[in-house]
Structure formats: C-alpha cells, structure tokens
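Undergrad: As a plain string of letters, each chain reads:
2 protein chains.
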Amino acid sequence: MDNINNIMLQAAEAFKQYRKVSGKQKAVFLRAIAEEIEALGMELIHTTMEETNLPEARLLGERGRTIFQLKMFADLLEEGSWVEARIDTAQPDRKPLPKVDIRKMSVPLGVVVVFGASNFPYAYSTAGGDTASALAAGCPVVLKGHPAHARTSAMVADAILRAVERTGMPEGTFSHVDGGNGFEIGKALVMHPVTKAVGFTGSFAGGKALFDMANQRPEPIPVFSEMGSINPVVLMPEKLSTSSESIAKDYAGSITLGVGQFCTNPGLILGVDNADLQSFIKVLAAEIEKVSPSKMLNAGIYQNYEGKKTVALAQENVTTEAESLVEKTDSIQGLATVASVDADVFLANPTLHQEVFGPYSLVVKCKDLAQLATVIQHLEGQLTATFMATETELQANDDIVEALRNISGRLIFNGVPTGVEVCYAMHHGGPFPSCTDARFTSVGPDAIKRFVRPASYQSFPDSLLPAELQDTNPLNIWRMVDNEWKK
Amino acid sequence: MDNINNIMLQAAEAFKQYRKVSGKQKAVFLRAIAEEIEALGMELIHTTMEETNLPEARLLGERGRTIFQLKMFADLLEEGSWVEARIDTAQPDRKPLPKVDIRKMSVPLGVVVVFGASNFPYAYSTAGGDTASALAAGCPVVLKGHPAHARTSAMVADAILRAVERTGMPEGTFSHVDGGNGFEIGKALVMHPVTKAVGFTGSFAGGKALFDMANQRPEPIPVFSEMGSINPVVLMPEKLSTSSESIAKDYAGSITLGVGQFCTNPGLILGVDNADLQSFIKVLAAEIEKVSPSKMLNAGIYQNYEGKKTVALAQENVTTEAESLVEKTDSIQGLATVASVDADVFLANPTLHQEVFGPYSLVVKCKDLAQLATVIQHLEGQLTATFMATETELQANDDIVEALRNISGRLIFNGVPTGVEVCYAMHHGGPFPSCTDARFTSVGPDAIKRFVRPASYQSFPDSLLPAELQDTNPLNIWRMVDNEWKK
Numbered sequence: 001m002d003n004i005n006n007i008m009l010q011a012a013e014a015f016k017q018y019r020k021v022s023g024k025q026k027a028v029f030l031r032a033i034a035e036e037i038e039a040l041g042m043e044l045i046h047t048t049m050e051e052t053n054l055p056e057a058r059l060l061g062e063r064g065r066t067i068f069q070l071k072m073f074a075d076l077l078e079e080g081s082w083v084e085a086r087i088d089t090a091q092p093d094r095k096p097l098p099k100v101d102i103r104k105m106s107v108p109l110g111v112v113v114v115f116g117a118s119n120f121p122y123a124y125s126t127a128g129g130d131t132a133s134a135l136a137a138g139c140p141v142v143l144k145g146h147p148a149h150a151r152t153s154a155m156v157a158d159a160i161l162r163a164v165e166r167t168g169m170p171e172g173t174f175s176h177v178d179g180g181n182g183f184e185i186g187k188a189l190v191m192h193p194v195t196k197a198v199g200f201t202g203s204f205a206g207g208k209a210l211f212d213m214a215n216q217r218p219e220p221i222p223v224f225s226e227m228g229s230i231n232p233v234v235l236m237p238e239k240l241s242t243s244s245e246s247i248a249k250d251y252a253g254s255i256t257l258g259v260g261q262f263c264t265n266p267g268l269i270l271g272v273d274n275a276d277l278q279s280f281i282k283v284l285a286a287e288i289e290k291v292s293p294s295k296m297l298n299a300g301i302y303q304n305y306e307g308k309k310t311v312a313l314a315q316e317n318v319t320t321e322a323e324s325l326v327e328k329t330d331s332i333q334g335l336a337t338v339a340s341v342d343a344d345v346f347l348a349n350p351t352l353h354q355e356v357f358g359p360y361s362l363v364v365k366c367k368d369l370a371q372l373a374t375v376i377q378h379l380e381g382q383l384t385a386t387f388m389a390t391e392t393e394l395q396a397n398d399d400i401v402e403a404l405r406n407i408s409g410r411l412i413f414n415g416v417p418t419g420v421e422v423c424y425a426m427h428h429g430g431p432f433p434s435c436t437d438a439r440f441t442s443v444g445p446d447a448i449k450r451f452v453r454p455a456s457y458q459s460f461p462d463s464l465l466p467a468e469l470q471d472t473n474p475l476n477i478w479r480m481v482d483n484e485w486k487k
Numbered sequence: 001m002d003n004i005n006n007i008m009l010q011a012a013e014a015f016k017q018y019r020k021v022s023g024k025q026k027a028v029f030l031r032a033i034a035e036e037i038e039a040l041g042m043e044l045i046h047t048t049m050e051e052t053n054l055p056e057a058r059l060l061g062e063r064g065r066t067i068f069q070l071k072m073f074a075d076l077l078e079e080g081s082w083v084e085a086r087i088d089t090a091q092p093d094r095k096p097l098p099k100v101d102i103r104k105m106s107v108p109l110g111v112v113v114v115f116g117a118s119n120f121p122y123a124y125s126t127a128g129g130d131t132a133s134a135l136a137a138g139c140p141v142v143l144k145g146h147p148a149h150a151r152t153s154a155m156v157a158d159a160i161l162r163a164v165e166r167t168g169m170p171e172g173t174f175s176h177v178d179g180g181n182g183f184e185i186g187k188a189l190v191m192h193p194v195t196k197a198v199g200f201t202g203s204f205a206g207g208k209a210l211f212d213m214a215n216q217r218p219e220p221i222p223v224f225s226e227m228g229s230i231n232p233v234v235l236m237p238e239k240l241s242t243s244s245e246s247i248a249k250d251y252a253g254s255i256t257l258g259v260g261q262f263c264t265n266p267g268l269i270l271g272v273d274n275a276d277l278q279s280f281i282k283v284l285a286a287e288i289e290k291v292s293p294s295k296m297l298n299a300g301i302y303q304n305y306e307g308k309k310t311v312a313l314a315q316e317n318v319t320t321e322a323e324s325l326v327e328k329t330d331s332i333q334g335l336a337t338v339a340s341v342d343a344d345v346f347l348a349n350p351t352l353h354q355e356v357f358g359p360y361s362l363v364v365k366c367k368d369l370a371q372l373a374t375v376i377q378h379l380e381g382q383l384t385a386t387f388m389a390t391e392t393e394l395q396a397n398d399d400i401v402e403a404l405r406n407i408s409g410r411l412i413f414n415g416v417p418t419g420v421e422v423c424y425a426m427h428h429g430g431p432f433p434s435c436t437d438a439r440f441t442s443v444g445p446d447a448i449k450r451f452v453r454p455a456s457y458q459s460f461p462d463s464l465l466p467a468e469l470q471d472t473n474p475l476n477i478w479r480m481v482d483n484e485w486k487k
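These protein sequence lines are chains A and B, in that order.
Counting from 1, one number per residue, gives the positions in the first sequence under full-length UniProt numbering.
Counting from 1, one number per residue, gives the positions in the second sequence under full-length UniProt numbering.
Derived from the structure by calculation, the hints contain no laboratory data.
Mixed in with the good hints, there may be bad ones.
Since the list gives no way to pick out one identical chain from another, each pair is judged satisfied if it fits inside one copy or across any two copies.
[To be verified] Simulated pairs of lysine to aspartate or glutamate, EDC-like, Cα-Cα distance not exceeding 16 Å: (1) Lys449 to Glu51; (2) Lys290 to Glu321; (3) Lys449 to Glu84; (4) Lys487 to Asp471; (5) Lys16 to Glu402; (6) Lys449 to Asp437; (7) Lys95 to Glu421; (8) Lys20 to Asp399; (9) Lys367 to Asp273; (10) Lys290 to Glu316; (11) Lys282 to Glu51; (12) Lys328 to Glu306; (13) Lys20 to Glu402; (14) Lys99 to Glu421; (15) Lys16 to Asp398; (16) Lys328 to Glu289; (17) Lys20 to Asp398; (18) Lys295 to Asp330; (19) Lys295 to Glu56; (20) Lys449 to Glu43.
Construct all of the structure, not just a fragment, from the sequences and the given hints.
TA: Rendered as structure tokens:
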C-alpha cells in the first residue's frame, strides 16, 4: 500500500501542472497515445486474443474504436467549446446595485481512478473511454488494470507512458496499478484522499461497492459505475403480426453477438401472448439452436453465466425454449439460451429481473398491453429500452413509450440495443441500478463532463483569465455572452 | 406518514402528465407563480418580518429576486436551448457499419423534494431557486417548509397552488408539507421511492444527513445540499500596503451584512503578518465595534452563533480583536466579532476551520506567503475564495490563485464574497463540505441541470420525436447537429 500512496501523491503533484496544460497540448498528448497504441501492432492483438478469447476481427474493431475515441477527445479539445464558457459582463451603472463581471467555465476535478472492464479490453479499459475523457478533462488517471487481461493492460499502459514522456506531460499524469484481483487495492485507490472521482465498468456488486465506499469517505466523491442492464424490448402486436420472423432473426443475432457479453445485450423481451408471439418464439428458438458456441472471456465469466442461467431456468414456471444444439468444443464456451415465462410469474419473482450476463434472453408473455405496461412499471433502471412497433402503435402508445424512456438512458425504435455508436447524441448511462449516475454518459464526447465542475471568476483582469474566458475569445469557441450564444 | 405517502403518490401521478407539458406552458406556470406571490403584497412581507426578524427593505429585495428567478426560468424555457439537444443523423452507407440516427436531450428526473432554507425565506425557500428550477425542469416538487417561517411558507405555497390551478397544471405538481422540525418527516420524504432528487440549503449536519440517507436507499438519488463555507479571503501584501483601510471597511460591511447570515460570509481572512496587516486589523476592529447589533433569524440561529463563537474564541492562542460595543436591545441580537490567530495555531486546530454562522470572522496571521499557501492547502471545499491583490501580485502568484480555485466554486478578485449575482456565469456550489455536489450550481439558469438527465432516442420517426429533436427545429433552439452548433 506504500506503493499506492506514492502513486497517488505523484498524481496529485502532476495535477498541479496538468490542469494548466492547454487543450491543444492535451490533444497532442491524446493523439500520441493513439499512435503509440497503433505502434503496438499485432503483438497487442495477439496478446489480447490469448487473454480474452475474443476473436481477431472484434479486437481489431475495438482497437479502432479506442483510437477513434482518443482522437475524438483530441478534436473536442482543439475545438474547445466543451468547457461551456459563460460570460456576464459588468454593468457598473445598474440600479439598485452595480453588476460585477462574472465568467464561468469547466475545470478538472483532480485525480481520477479508473477500473478497466473485462468485456472491452481496449475501449473500456486502460486507454478506453474513461481514461481518455478524464485525461481530456485535465485529470491525471490512476488505472487499475483488469486482472483478466493483465498483459494487455500493461502493454497499453506502457504506450500511454511513452506518450506522456514524448509530449512532455508531467510525470504522474498516468499511472498503472497492476493489483490483480485484490479488493484491498481497489479500496485503497478509492479511499485515498487524493482521488476526486472514479470510473468503473463491470458488475453491479463491484460498482455498487465502490459507490458505497466513495460515499463513506470523509470527502465523498462521484463514482461513475456502469453496471448491469437487461435492456427490455417491447414487441407490439401489429408490428409482430407483420414481421415476427425477421425480428426473431435479428434478435437471435443481437442476443448472441460477442457471446452476449455486452452491457446492452437484450435480456428481456416483452410481448402480448398470441399466435404471433408464439411464432416469434418458435423462430427465435430455432435460430438459437443453430448458434455455434464460442468461448467466453474467461472461466469466471463463464461460471457466472452458467450459475445465473441455471438459477433463472430453475425458477418455477419458467420454460426453456431453446439452447444451442451445436456441440461445445471447449469447456468455457457459453451456450446460447432463450426461455419464456408468463407475466404474472415474472412480476412476482424478482430473481427473473436480474441480468444473466451472456447469450441469454427471457421472453415475458403478457395477457394484454395493460399487463405489459404493468411489467414496465416494475422494471429497474436500464441502459436501453427498445420499442418494436409500427408508427401507428408508437403514436397510440405514448404512455408505454414514456414509461420506457423514464427507466432507460436510450430508447430505440425498431432496432437492436447492441451497438453503441460513439457520438454526441449517444447517452450511455441509465437510471440506477444500470449506473450509479444516470446524469452522465460514458460514451461520446459528453463523457468528459463526468470529470469536470464549473468554476466562476469574478472581476478578474482580462489578461489573467483563462484564454477560454478572455474578452477577445482567442480560442474562437462558442460561449454564452450576456445571455447570447456567440463565437 | 400516511399523509406523506399520499402526497408522494400524487406527485408521481402528476409527473406522468407534467413531464409532457411544453416549455412554453411551464413558462406560463412560472410567471403565474410570480404574479401570485406579488399579489400577496405587503401582508407576506409583514408576516415574514415577524417570523424572521429580517428588515422590510431586505425582504422586498429578496422577494424581487425570487420573482426575478421565476421569470428567469420562464425565459429559459421559452428560449428552449437549455435541453442541450444533440442530433447525429443517420449515415446508412457508412462502412463498415451503417450509422443509425441518434438524438439526445435533457429529460426531468421525477419528483423532487425541496427543503426550505431559514436564511432566505423567499429566494431559497418555498418558491425559491430549488423549486423554480425543478419545476422548470419538468419535475413535480414536494416542499418541506422551514419551521422558522411556517406562515410565510404556507402563504407562498398557497400562491403556487393557485398558479397550478390557474394554468391547468396537474394536481400534485406542487405540494407543501408543513412538518415542523420533525426529522422523521424529512427522512420519510427523502426515503420515499417516488423521490428522485433532493434540494437543501442549510447546516452541514442537516445536509450531510440527507445525503447519507439518500445514498443508503435501495435506489440512491442525488442530493444537492448547500451547506457551510468560511469563504477564505487572501490579503496580498502589496495590495494591503496601499489600501488596508478601505479593505478593512469593505470587509466590516461584508462580515456584518444581514447579521452575517449568508453562506458567502467571509469567515476567514488570511494575510502575511506585518505592519499593514496590523493596521488592517485595527481598522477592521474599530469598524466592528461600531456596528449596531441586529436580531438574528431566530433564537436557534442566535444560540448556535453564540455557542460556536464562544468555542472558537476559547481556543488556545486565539485573540478577540473586537466585539461590537453598541448595546444590545434584544436578547437575540448577534454581536459582530472579529478574532485573530497565528497560522501555526490555525493549522494545528481543526475547530478553527469550522463555520461560525453569523457576523464573525477570523484573521489568520501567516509568517510569509509560503505559510499562507500551506494554510490554503489545508482548507476544505468552499463556496467562494477571494484574492485581494494588485494585478502584479495576481500574475506572480499563480500557484496561490490555482490552489484557491481548486478548493472553491467562485474565485473573486478584489471584491467581497457576499452578493451572489443571479446570472448564467454564476457558479454557486463548491467542493465538499460546502456542498454535496460541486458539479452543480444552485443559483442562475444552470441550476436547472440538477434536476434533469440526458435521454437518447434512436431511429425515431421525426413526427414522434419531442419537438426539441425534430428535423425542422420547430422551437428554433440551439442544437448540436452532426457536430456543429446550429439554430
């Protein structure tokens, strides 16, 4: 733990310098990280394949996304308007009291601790979205590598450290803690007084434990834990009557994509019990039976999947509709599975509301739309919710759509929840328990907002204000000046 | 408690309708509240004078501010851009994968519980900033009236209820709970599953208790507690050498304004111990001795002031520099007091870092600027920090300025911290323990951000999107469309 204390104190020292680094310089740093990761070449890909069982094509894609994210934050910093500058100029002659000059912008929180995710060894781990957004915000990052891909994490960390050195960032701007599974190490990082925010992607148990710890500190700090979600999908009758087969095929693909190891995996499908729903289930079951099993990320994830699935399927009145019939060639391959249950049973049994992380989904058969609405009322917070419907059904069922939106971060019309576009309009963060803070996204440029707070400057001489707030707008950014957006 | 459950369930029902009310309609509602409060006329002012001992002129001013705030949020809603709409249009031909259409905007959190503040019976109570911003956001409000001005709170609540009825808002959009001092009632409101956020202005003990409760709920919710602050003021030597007398006079006024009952009261003054600081203290002491004592808000506030002040002055090596010499004419008048202490003693004694809510300030005498910087490093989070300096000193002491900014929400150059302008650039919210969430302001239009979260809509038909996100931009608001700000 001495080592951790030293790392944290070095990060705190680095913050004193790093918070003064300009956006343009931080952009150079982020681009250098991207270059250093690219320079790791196929050695990185092969290492991660060994550690995670993820296929090459997926890892090449994820590496591309990671590099895209780093460049996206570099673009954001170069453009500069993200600081939300607000300027209210003085009115010395205002009656009854003169108005002082006040200017406001976002400033970094301080040292951020990031926990790498097991299911995204690049895009949500060492140089992933949390790290990139915290560094972009001006916060040093202390990264706890995920033990399931320790070598990958160390390689990427070395790439970041090379970028730190190459671009002249302060020592301690990034640190890598290779703490294995140690709960005590994670706790020491979160409880250290230097830590000002925490980013985490993983299980509910892990994310909630960090959240609770952080709130029990003498100085509570924000924790952005992205945890579980069953991502409800509502199949409306009219839509289902015209396209139950194609929906079933699309969903068989979405449920089993990446062996179901996505936080947006559709784990719950709600429909009105009728002949169309029966034929949907039949096609879905037939598709699931044909899915070739793949190795899951690691033995722990596989055992968790098997354990949770076994518990779910063993609940009273749950029917296993299909399990992949393709023979396993490895012990930790996860078999795709779908089950069904009546809404009455689902409503009465909270176990069935829990996430089964893996290629699994539960179809809930409702008596009618009223019961379907009741089921939605009893769901917890979700990352996504999907509404499969005709436009007429969308229009006529405003209450169901509103109820879904009220429990989720992203509402999808006639699509699948898997696939999280990295863009401004993406909100990846839903009400508790899917996340600990529904007000912030972990995907897209707005993820930077997690690691800043506003600070006001009152009556400062222009030359001594940050460039973002100076009269001449030297950075040419969008600002709210005396209640008007201006550039 | 049955009554509270009914109120909360009614608020939850109201939310289902109120969240669909357009910005323009909510603006009409907020303006109606302002009108109804104005219509209460001098009867309201006189009632509050009896309940709070605040003078007529101050209450007229505060009523004006309250009405201004309601109209400010009405303006914000009418303009409409506050929802931070982001639109990423589809790219069906993108390789390797097509891009879906995604649009994002702020949506209300749900029912908000607001606790009225004792020191601002209008502007931070029943129809104050928390209520106005939550209602503007689309959240029903359940208001716990402050027992120290129960009649004022009931009158204002009735005015709001008249506005609810007059403008056709759903029943339950606003509810008033007159629970007296009951801790149990506050707890029941915060713990009720319907509650999605809490606004509070008051003591550290009260605000922290609500924060802890909210985090221990099965579903944790955000709590915006604005608590204590000693608002450090740094007197730089060169500045002091030229204007110690005028600074002392300004600060005697700021320390005793409103009997010191402001969260931004300057409770800590840091300077380098030299002849100029001695003469500053001498003038400040002489001014303080002349201040006529006024009645504090109530007996509880007075007793708290006397108790905390007595403890502070009794600490070893603290010198009482002055206490008002004007005779008291009422038992609950608070006597203005200033004390001084050496920085060594201050650093070693955490009791001296605590707020004494009332007309009190402590001057800390530092050996040199290095020790002054050390004192700043040991301060907790603050609403404000003030730097009294020449421009040369501001420029030359970047580290001190940065350190002050890092612990505070608003940094003031050559001014006093009292007086919180209601405008876009105001950030009223500092790091813990001054507030439970430094990322949000309780003053100005951005206060609305406390009660919303983003929600994304993916692949929605244009006609069924909220107006804020439709292609033609029918509300003519500023939006980020495909990475560009547009109107």
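Undergrad: Does each hint fit the structure? Answer for all of them.
TA: A quick look at each hint next to the structure:
1. Lys449 to Glu51: neither (32 Å within a copy, 42 Å between copies)
2. Lys290 to Glu321: Answer is within: at 13 Å inside a copy they meet the 16 Å cutoff, but 86 Å across does not.
3. Lys449 to Glu84: both (10 Å within a copy, 13 Å between copies)
4. Lys487 to Asp471: For Lys487 and Asp471, the Cα distance is within 16 Å only inside one copy (11 Å; across copies 24 Å).
5. Lys16 to Glu402: So Lys16 and Glu402 pass the 16 Å test across copies only (8 Å; inside, 46 Å).
6. Lys449 to Asp437: This pair counts as both: shortest intra-copy Cα distance 12 Å, inter-copy 14 Å.
7. Lys95 to Glu421: Close across copies (13 Å), not inside one copy (51 Å); limit 16 Å.
8. Lys20 to Asp399: between (49 Å within a copy, 11 Å between copies)
9. Lys367 to Asp273: Intra 6 Å, inter 80 Å, cutoff 16 Å: intra-copy only.
10. Lys290 to Glu316: neither (27 Å within a copy, 80 Å between copies)
11. Lys282 to Glu51: neither (36 Å within a copy, 71 Å between copies)
12. Lys328 to Glu306: Within one copy only: 14 Å inside a chain, 77 Å across chains, cut-off 16 Å.
13. Lys20 to Glu402: between (44 Å within a copy, 9 Å between copies)
14. Lys99 to Glu421: between (44 Å within a copy, 7 Å between copies)
15. Lys16 to Asp398: Answer is between: at 11 Å across copies they meet the 16 Å cutoff, but 51 Å inside does not.
16. Lys328 to Glu289: Intra 12 Å, inter 88 Å, cutoff 16 Å: intra-copy only.
17. Lys20 to Asp398: Close across copies (10 Å), not inside one copy (49 Å); limit 16 Å.
18. Lys295 to Asp330: Within one copy, since 7 Å is at most 16 Å while 80 Å is not.
19. Lys295 to Glu56: within (13 Å within a copy, 75 Å between copies)
20. Lys449 to Glu43: neither (34 Å within a copy, 45 Å between copies)
In this structure, the hints that do not hold are numbers 1, 10, 11 and 20, in rising order.
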